[in-house]
Amino acid sequence: MNTDNEKNPSSLWLEEVSSVWRRNKEFADEAIAQLSDEQIRRSLTAETNSVAIVMKHVAGNLRSRWIGFLTSDGEKSDRNRDSEFVDDYPDRDSILSDWEDGWRMLFEELAALAPEDCQRLVEIRGAKLTVPEAILRSICHCSYHIGQIVQTARIVAGDDWRTLTIPRGESEAYNRERWGRG
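Numbering follows this note's numbering, in which position 175 of the sequence shown is assigned residue number 593; successive positions increment by one, without gaps.
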């Protein structure tokens, strides 16, 4: 029997991937929470997406990629990607519900993966990828958009923005507090 120190590398990798996903979602959620109902829908320019639209796209992408992750093409036939870039939500609760639904699907499918699934192939738009390749591709795509959410939220929130990481000028104090170095 394996102890925690002797876990299968694929098990450890899947645990780490789940942790990375959860931290990425936390960053986005913390940024989104700082915005008013109006701010979440504000675009910086005519050609940029509001936080709400980026959330809608991420939710649509997660649903498409993660429903039936091991058994169906990651680009679902009923997905209308172009509609993901139209803000047709009636209210903030609808935006957040859609967002949470996409993440729920990801976390359910991710939790169901077994270490041996890392040896399998999946398809996205007809292209065969290993499970780790598909997961990393999905993380990269969503991380890019989470960066957009955070940066847009930071600009839109203006002086009311609360940093999500170590504030400027506070690295030394943070290091001293966390691990005794400064």
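Hints listed in this document are in silico derivations from the structure and should not be mistaken for laboratory results.
Keep in mind that the hints are not guaranteed to be accurate.
Stated by the list, open to error - With a Cα cut of at most 16 Å, we get these calculated EDC-like pairs of lysine to aspartate or glutamate: (1) 494 with 541; (2) 425 with 534; (3) 443 with 534.
As the list claims (entries may be wrong) - Listed next, with one range per pair, are the computed distances between beta-carbon atoms: (4) 464 with 501: 46 to 54 Å; (5) 486 with 569: 54 to 62 Å; (6) 504 with 424: 36 to 44 Å; (7) 586 with 441: 15 to 23 Å.
Where a beta carbon is used, it is the ideal one built from N, C-alpha and C, also for glycine.
Status of each hint after checking the structure:
1. 494 with 541: Holds - the C-alpha atoms of residue 541 and residue 494 are around 11 Å apart, at most 16 Å.
2. 425 with 534: Since the Cα atoms of residue 425 and residue 534 sit roughly 13 Å apart, the hinted pair holds (cutoff 16 Å).
3. 443 with 534: violated, 26 Å
4. 464 with 501: 46 to 54 Å: violated, 19 Å
5. 486 with 569: 54 to 62 Å: violated, 33 Å
6. 504 with 424: 36 to 44 Å: Cβ of residue 504 to Cβ of residue 424: about 50 Å, so the range 36 to 44 Å is violated.
7. 586 with 441: 15 to 23 Å: holds, 21 Å
Checked against the numbered hints above, the structure breaks hints 3, 4, 5, 6 and satisfies the rest.
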